[in-house]
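Peer 1: Sequence:
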Amino acid sequence: MSIIAPKSESVFLGVDMEKFNPKVIKNTADIFLTSTEKKNLESTGIESHIALLIAFSAKESLFKAIYPLTRSYFSFDAARILEIEGKSQTFTMELLLSLSNNFPVGSQYRGFYKIYNDCVITLIYGSEI
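The sequence shown begins at 1 in my numbering and counts up one residue at a time.
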């Protein structure tokens, strides 16, 4: 898979692709999601293991998008999943930590996901303030 975007100091782009493994994703969910996030995912109407994988991949995409601009490592608890929408295949995330002046606490980002064969692909992009 490849993505093409204009080179810019202020544009961020993150893409992730994860293979389905329901047992692993369910056994590791506590590492990348809070109990509140897991509860919210239950209301999406998306199968549990798929929703968990979308959430994991979304957080990976966010890291891949923001890290090159901030050069600041952050873990899964730096952002939370606010929503995963099945019909539009979108997700919304919010930063819980300030990663830089351009990525402050409370910043929200919308991304997209696609289920393809036995994988989930997530994409998040935007530009700094």
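The hints are simulated quantities; they were obtained by calculation from the structure and are not laboratory data. It should be emphasised that the depicted structure is a prediction, and the values quoted were computed from it without experimental measurement. Keep in mind that the hints are not guaranteed to be accurate.
Below are the DSBU-like pairs computed for lysine-lysine, each with C-alpha atoms no more than 30 Å apart in a straight line [to be verified]:
#1 Lys87 / Lys19
#2 Lys26 / Lys39
#3 Lys87 / Lys114
#4 Lys38 / Lys64
#5 Lys26 / Lys114
#6 Lys64 / Lys26
#7 Lys23 / Lys114
#8 Lys87 / Lys23
#9 Lys39 / Lys23
#10 Lys23 / Lys64
#11 Lys39 / Lys19
#12 Lys39 / Lys114
#13 Lys38 / Lys87
#14 Lys114 / Lys64
#15 Lys26 / Lys38
#16 Lys19 / Lys38
#17 Lys19 / Lys114
#18 Lys64 / Lys87
#19 Lys19 / Lys64
#20 Lys39 / Lys87
#21 Lys38 / Lys23
#22 Lys39 / Lys64
#23 Lys26 / Lys87
#24 Lys38 / Lys114
Computed Cβ-Cβ distance ranges for the label pairs, DEER-style [what the hints assert, rightly or not]:
#25 Ser127 / Lys23: 36 to 42 Å
#26 Ile31 / Pro104: 22 to 28 Å
#27 Val24 / Ser100: 19 to 25 Å
#28 Arg71 / Lys39: 21 to 27 Å
#29 Lys23 / Arg71: 20 to 26 Å
#30 Lys39 / Tyr73: 25 to 31 Å
#31 Glu42 / Tyr116: 22 to 28 Å
#32 Ile31 / Ser127: 17 to 23 Å
#33 Thr70 / Lys114: 22 to 28 Å
#34 Ile31 / Asn101: 17 to 23 Å
#35 Pro22 / Asn101: 38 to 44 Å
#36 Pro68 / Met17: 33 to 39 Å
#37 Asn102 / Val24: 19 to 25 Å
#38 Asn117 / Thr70: 32 to 38 Å
We put the CB at the ideal spot given by N, CA and C, even for glycine.
Peer 1: Does 20 to 26 Å hold as the CB distance between Lys23 and Arg71, or does it fail?
Peer 2: violated (35 Å)
Peer 1: Check the hint pairing Lys19 with Lys64 against an upper bound of 30 Å on the C-alpha distance.
Peer 2: Measuring from Cα to Cα gives roughly 18 Å; hence the hint holds.
Peer 1: Are Lys38 and Lys64 close enough, with their CA atoms no more than 30 Å apart?
Peer 2: holds (23 Å)
Peer 1: Within a Cα-Cα threshold of 30 Å, do Lys38 and Lys23 meet the stated pairing?
Peer 2: holds (16 Å)
Peer 1: Taking 30 Å as the top limit, are the C-alpha atoms of Lys23 and Lys64 close enough?
Peer 2: holds (25 Å)
Peer 1: Cβ-Cβ distance between Pro68 and Met17: within 33 to 39 Å?
Peer 2: violated (18 Å)
Peer 1: Would you mind confirming whether the straight-line C-alpha gap from Lys38 to Lys87 stays at or under 30 Å?
Peer 2: Holds, at about 19 Å.
Peer 1: Sort out whether Lys38 lies within 30 Å of Lys19, counting only the CA atoms.
Peer 2: The given pair, whose Cα atoms are some 20 Å apart, holds under the 30 Å limit.
Peer 1: When you check the alpha-carbon spacing of Lys39 and Lys114, does it fall within 30 Å?
Peer 2: OK: Lys39 and Lys114 at ~22 Å, within 30 Å.
Peer 1: Compare the distance between the alpha carbons of Lys114 and Lys64 with 30 Å, and conclude whether the hinted pair is satisfied.
Peer 2: Within the cut-off at roughly 17 Å; holds.
Peer 1: Taking the CB of Asn117 and the CB of Thr70, does the distance hold inside 32 to 38 Å?
Peer 2: Because 33 Å falls inside the window, the suggested range holds.
Peer 1: Within 22 to 28 Å or not, the Cβ separation of Thr70 and Lys114?
Peer 2: Given a distance of about 27 Å, which is inside 22 to 28 Å, the answer is holds.
Of the numbered hints given earlier, the model fails hints 27, 28, 29, 32, 34, 36 and 37; all others are met.
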